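Line order of the protein sequences matches chains A and B. Residues 1 to 111, numbered by my numbering, are exactly what the first sequence covers, in order. Residues 1 to 115, numbered by my numbering, are exactly what the second sequence covers, in order.
Just so you know, these hints were derived from the structure itself, not from any lab. For clarity, every value in this text was computed on a predicted model and none was experimentally measured. Just so it is clear, CB atoms sit at the ideal spot from N, CA and C, and this is done for glycine as well. A hint or two may mislead.
Simulated pairs of lysine to aspartate or glutamate, EDC-like, Cα-Cα distance not exceeding 20 Å [stated by the list, open to error]:
| id | chain 1 | residue 1 | chain 2 | residue 2 |
| --- | --- | --- | --- | --- |
| 1 | B | Lys-15 | B | Asp-63 |
| 2 | B | Lys-57 | A | Glu-54 |
| 3 | A | Lys-94 | B | Glu-44 |
| 4 | A | Lys-94 | B | Asp-56 |
| 5 | B | Lys-57 | B | Glu-20 |
| 6 | B | Lys-11 | A | Glu-93 |
| 7 | A | Lys-51 | A | Asp-83 |
| 8 | A | Lys-70 | A | Glu-41 |
| 9 | A | Lys-70 | A | Glu-54 |
With beta-carbon atoms standing in for the labels, derived distance ranges [to be verified]:
| id | chain 1 | residue 1 | chain 2 | residue 2 | range |
| --- | --- | --- | --- | --- | --- |
| 10 | B | Glu-68 | A | Gly-16 | 48 to 56 Å |
| 11 | A | Asp-38 | B | Thr-113 | 18 to 26 Å |
| 12 | A | Ser-7 | B | Ala-2 | 28 to 36 Å |
| 13 | A | Asn-110 | B | Gly-40 | 34 to 42 Å |
| 14 | A | Ile-28 | B | Thr-78 | 34 to 42 Å |
| 15 | B | Asp-18 | A | Asp-18 | 42 to 50 Å |
| 16 | B | Ala-2 | A | Ala-96 | 26 to 34 Å |
| 17 | A | Gln-3 | B | Arg-64 | 42 to 50 Å |
| 18 | A | Gln-14 | B | Asp-63 | 46 to 54 Å |
| 19 | B | Glu-20 | A | Asn-110 | 36 to 44 Å |
Listed next, the stretches of chain A that the computed footprint assigns to chain B, with coverage defined by at least 3 CB atoms under 8 Å from CB atoms of chain B [claimed, not checked]:
| id | region |
| --- | --- |
| 20 | 42-51 |
| 21 | 96-108 |
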Amino acid sequence: GQQLNQSPQSMFIQEGEDVSMNCTSSSIFNTWLWYKQDPGEGPVLLIALYKAGELTSNGRLTAQFGITRKDSFLNISASIPSDVGIYFCAGVEKGAQKLVFGQGTRLTINP
Amino acid sequence: GAGVSQSPSNKVTEKGKDVELRCDPISGHTALYWYRQSLGQGLEFLIYFQGNSAPDKSGLPSDRFSAERTGGSVSTLTIQRTQQEDSAVYLCASSLVAQEGSPLHFGNGTRLTVT
Chain A
1 GQQLNQSPQS MFIQEGEDVS MNCTSSSIFN TWLWYKQDPG EGPVLLIALY
51 KAGELTSNGR LTAQFGITRK DSFLNISASI PSDVGIYFCA GVEKGAQKLV
101 FGQGTRLTIN P
Chain B
1 GAGVSQSPSN KVTEKGKDVE LRCDPISGHT ALYWYRQSLG QGLEFLIYFQ
51 GNSAPDKSGL PSDRFSAERT GGSVSTLTIQ RTQQEDSAVY LCASSLVAQE
101 GSPLHFGNGT RLTVT
């Protein structure tokens with residue numbers, strides 16, 4: 001099935017640093033979503049993007065839907081300890097209903 | 001309820017036994033999805049329901065896996081004759097409708113361990 005390539009797989013940063021991660025696909029997607037998963041819990045929706053070129057913020061998080069509709073990025077500014085977790089991109093191909101996920105980016109923050 | 005509820009939260013079973021995993025979606029959500037997450041991996045789509053019907057079962061790994069949904073609400077994922085490779089976290093999600101872009105809301109999952 002359709003795979004999303006998410007990078008980087010892991011990040012080790014200092015508190016206060018900015019973070020950037022991205023996701024690419026080989027086909028066109030109509031929706032991009034970014035989720036965060038804490039240990040022992042299900043993923044929680046952070047940002048949803050529905051239009052090519054759309055740039056959306058949620059507090060210190062900013063995500064963009066790529067113009068080509070084949071990529072998306074998520075930025076976190078001024079990271080804090082509670083940002084630790086696994087971040088997943090997810091997308092819906094044009095005409096589909098199921099959400100496909102990237103492999104995740106594990107974020108670790110050194111205080 | 002306030003969120004998607006899954007039970008049990010943990011299940012340990014012996015190889016060859018059958019298991020049933022339950023999902024209670026958010027009230028009013030017509031679409032329900034099952035995903036599987038192996039250790040350190042992303043989420044693998046298994047099946048989704050719109051109401052009680054399952055338009056897409058393409059992700060079920062084998063005929064040992066089946067799912068049903070009754071009354072447009074609770075869903076059960078059944079794994080027969082479990083194998084060790086079935087060990088994973090099984091996540092359920094629901095959304096208002098099964099339409100492109102309708103955000104999914106996830107439960108906390110059932111961690112299945114097959115010994």
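Hint check:
no., hint, in the structure
1, B/Lys-15 <-> B/Asp-63, "holds (16 Å)"
2, B/Lys-57 <-> A/Glu-54, "violated (32 Å)"
3, A/Lys-94 <-> B/Glu-44, "holds (19 Å)"
4, A/Lys-94 <-> B/Asp-56, "holds (16 Å)"
5, B/Lys-57 <-> B/Glu-20, "holds (17 Å)"
6, B/Lys-11 <-> A/Glu-93, "violated (34 Å)"
7, A/Lys-51 <-> A/Asp-83, "violated (26 Å)"
8, A/Lys-70 <-> A/Glu-41, "violated (29 Å)"
9, A/Lys-70 <-> A/Glu-54, "holds (13 Å)"
10, B/Glu-68 <-> A/Gly-16: 48 to 56 Å, "holds (50 Å)"
11, A/Asp-38 <-> B/Thr-113: 18 to 26 Å, "holds (20 Å)"
12, A/Ser-7 <-> B/Ala-2: 28 to 36 Å, "holds (35 Å)"
13, A/Asn-110 <-> B/Gly-40: 34 to 42 Å, "violated (21 Å)"
14, A/Ile-28 <-> B/Thr-78: 34 to 42 Å, "holds (35 Å)"
15, B/Asp-18 <-> A/Asp-18: 42 to 50 Å, "holds (49 Å)"
16, B/Ala-2 <-> A/Ala-96: 26 to 34 Å, "holds (29 Å)"
17, A/Gln-3 <-> B/Arg-64: 42 to 50 Å, "violated (24 Å)"
18, A/Gln-14 <-> B/Asp-63: 46 to 54 Å, "holds (50 Å)"
19, B/Glu-20 <-> A/Asn-110: 36 to 44 Å, "holds (43 Å)"
20, 42-51, "holds (count 6)"
21, 96-108, "holds (count 9)"
Consistency with the previously given hints fails for numbers 2, 6, 7, 8, 13, 17, ordered from lowest to highest.
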